[in-house]
Amino acid sequence: MSEAALVWRQYRLERRMFWRNPSAAFFNFALPLIFLGLFGAVFSGEQENLDVIVPGIAGMSVVSTTFVALAMNVVALREQGILKRLRGTPLPSGAYVSAVALHAITNTAIQVTLVTLAGRVLFGTGWPEDVLELVVFVAVGVVCFASLGVALAHVIPNLDSAPAYTNAVFLPLVVLSGVFYDAGDAPTFLHDISVALPLTHLIDGLSGAMVTGRGLGDNLSHLAVIALWAAGGVVLAARGFSWEARRD
Amino acid sequence: MSDPPAILVRDLHKSYGGVEAVRGIDFDVARGEVFGLLGPNGAGKTTTVEILEGYRSRTGGIVSVLGHDPAGRPRALRERVGIVLQSSGMYRHLSVREAVAHWAAMYPRPRDVEEVIGLVGLQDSADVRTRRLSGGQGRRLDLALALVGDPELVFLDEPTTGFDPEARRAAWSTVRALADLGKTILLTTHYLDEAQALCDRVAIVKDGRILAVGAPSEIGVDAASRYRVAWRDERGELHARETDDPTALLHQLTSAALARGVPLRDLSVTRPSLEEVYLELTAEQEQEADRV
Numbered sequence: 001m002s003e004a005a006l007v008w009r010q011y012r013l014e015r016r017m018f019w020r021n022p023s024a025a026f027f028n029f030a031l032p033l034i035f036l037g038l039f040g041a042v043f044s045g046e047q048e049n050l051d052v053i054v055p056g057i058a059g060m061s062v063v064s065t066t067f068v069a070l071a072m073n074v075v076a077l078r079e080q081g082i083l084k085r086l087r088g089t090p091l092p093s094g095a096y097v098s099a100v101a102l103h104a105i106t107n108t109a110i111q112v113t114l115v116t117l118a119g120r121v122l123f124g125t126g127w128p129e130d131v132l133e134l135v136v137f138v139a140v141g142v143v144c145f146a147s148l149g150v151a152l153a154h155v156i157p158n159l160d161s162a163p164a165y166t167n168a169v170f171l172p173l174v175v176l177s178g179v180f181y182d183a184g185d186a187p188t189f190l191h192d193i194s195v196a197l198p199l200t201h202l203i204d205g206l207s208g209a210m211v212t213g214r215g216l217g218d219n220l221s222h223l224a225v226i227a228l229w230a231a232g233g234v235v236l237a238a239r240g241f242s243w244e245a246r247r248d
Numbered sequence: 001m002s003d004p005p006a007i008l009v010r011d012l013h014k015s016y017g018g019v020e021a022v023r024g025i026d027f028d029v030a031r032g033e034v035f036g037l038l039g040p041n042g043a044g045k046t047t048t049v050e051i052l053e054g055y056r057s058r059t060g061g062i063v064s065v066l067g068h069d070p071a072g073r074p075r076a077l078r079e080r081v082g083i084v085l086q087s088s089g090m091y092r093h094l095s096v097r098e099a100v101a102h103w104a105a106m107y108p109r110p111r112d113v114e115e116v117i118g119l120v121g122l123q124d125s126a127d128v129r130t131r132r133l134s135g136g137q138g139r140r141l142d143l144a145l146a147l148v149g150d151p152e153l154v155f156l157d158e159p160t161t162g163f164d165p166e167a168r169r170a171a172w173s174t175v176r177a178l179a180d181l182g183k184t185i186l187l188t189t190h191y192l193d194e195a196q197a198l199c200d201r202v203a204i205v206k207d208g209r210i211l212a213v214g215a216p217s218e219i220g221v222d223a224a225s226r227y228r229v230a231w232r233d234e235r236g237e238l239h240a241r242e243t244d245d246p247t248a249l250l251h252q253l254t255s256a257a258l259a260r261g262v263p264l265r266d267l268s269v270t271r272p273s274l275e276e277v278y279l280e281l282t283a284e285q286e287q288e289a290d291r292v
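So the protein lines, in turn, are chains C and L.
For the first sequence, my numbering assigns the number 1 to the initial residue and increments by one for each residue that follows.
For the second sequence, my numbering assigns the number 1 to the initial residue and increments by one for each residue that follows.
Hints in this document: simulated from the structure, not taken from any laboratory.
If you're wondering where the values come from, they're calculated on a predicted model, not measured in any experiment.
Don't be surprised by glycine CBs; every beta carbon is placed ideally from N, CA and C.
Careful: at least some of the hints might be erroneous.
To be verified - Reference listing, derived: stretches of chain L covered by chain C, where coverage requires no fewer than 3 residues with Cβ under 8 angstroms from a Cβ of chain C:
{"hint": "1", "stretch": "75–82"}
{"hint": "2", "stretch": "100–109"}
{"hint": "3", "stretch": "131–137"}
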């Protein structure tokens with residue numbers, strides 16, 4: 001079987017298993033939509049705030065479908081010994097990683113689409129101003145947060161502690177990066193932290209693409225920050241990747 | 001010229017940090033042979049096997065598996081080898097059939113999926129999700145996943161640990177069936193009866209070294225080359241004596257019995273069992289270690 005066919009087969013298996021595990025599906029899809037519904041209700045009628053929350057939740061969706069999902073899954077696969085078992089088969093590592101990445105990208109695409117639709121239908125935000133810009137930012141965001149999620153998995157010692165580690169990063173990240181408010185309105189010290197974080201810049205880019213119409217050319221600095229984090233993430237993800245559970 | 005061995009190991013060393021887990025192991029496994037590494041826990045069996053499987057690097061020595069160096073994990077080698085690890089998880093949300101079929105597609109010339117499921121005795125559980133399998137059934141799935149690629153060489157790391165007697169018998173007959181198909185099998189075990197029942201040859205491993213190698217019935221001929229002669233005297237008392245020269249002892253016993261006109265009941269001459277050799281060898285080692 002060709003490498004492409006192996007990627008496709010493994011990808012289809014990942015999709016099938018994903019839908020058979022309702023809790024994973026919940027974490028990926030329902031949580032951001034619940035947040036969108038809650039904050040949409042809070043800001044009901046305030047279009048200015050709604051225009052902040054929709055790209056914010058879209059950015060959060062990218063993080064939850066890549067960073068959170070991969071950190072949890074890599075730890076689970078590693079600690080259960082599934083990665084070690086796969087490593088003993090002829091399946092090339094590259095084909096496996098590609099399939100898992102495609103799986104995460106699919107979830108991200110579905111999620112961002114759902115958030116965009118919900119924003120349009122429920123909260124009167126417009127259709128995306130610049131679809132290309134949206135795709136570019138989501139794509140770079142996926143690489144960035146997927147690789148950071150895999151890198152975080154290296155730090156997580158066992159399955160039981162995976163949710164704690166992941167949320168300890170995820171929750172402060174979404175708050176600081178201005179998912180729920182305009183990061184520009186935050187106190188200076190919080191703002192200073194937020195400008196260093198990739199999610200802030202992803203949300204700024206998504207805001208340009210989805211709401212303000214600020215084009216790709218004007219958002220290159222945001223793209224550069226995410227790309228920088230992505231480069232660091234890829235290096236960290238590849239270094240120290242372990243196919244086996246830790247030995248005590 | 002004889003075929004090159006399926007596995008060749010020369011002066012294999014492996015250290016973790018400062019600890020030497022494997023300290024100079026040599027052995028060959030011929031094609032079609034069932035070879036066992038027998039030893040207590042922590043002897044270095046799994047380390048050795050995982051080096052051969054390509055999971056671990058070695059610190060020193062030469063290793064060849066089907067003509068490849070496993071350290072580079074060449075795909076051409078992985079296509080010809082089946083691995084049953086000591087413990088490994090499986091995707092919980094797949095059925096047995098889906099899992100075996102998915103694994104089959106990774107190999108160039110897989111076996112028939114249903115046939116393999118039947119071979120390991122999971123035909124009644126083919127549609128069961130793997131998370132619902134019992135421990136023994138999970139172990140059979142491990143075997144099915146290792147066999148579906150139709151490997152020439154199968155590694156079995158403690159394949160029956162934790163099995164009940166019936167499941168062990170079933171696993172043994174599967175291993176014998178593999179051997180009958182001409183597969184080469186390297187298994188590790190700490191059960192003597194398992195080594196005796198399955199292996200053409202056994203290496204007794206302890207503290208990272210091989211203490212003896214040979215057929216289970218012949219192992220220790222050099223190391224513990226004693227015969228045990230037992231008999232019952234006319235009062236029904238049981239006697240036993242160990243000797244290197246059973247012929248002379250038997251002659252002595254039988255002529256004495258004939259001369260006195262008394263029967264020599266329950267006369268037997270036995271070689272030491274694998275278990276006795278194993279205990280003797282591992283005990284000797286301990287005494288040596290104590291002296292140091």
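Results of checking the hints against the structure:
1. 75–82: holds (count 4)
2. 100–109: holds (count 6)
3. 131–137: Per the Cβ count (0), the hint is violated.
Hint compliance for this structure: hint 3 alone is broken.
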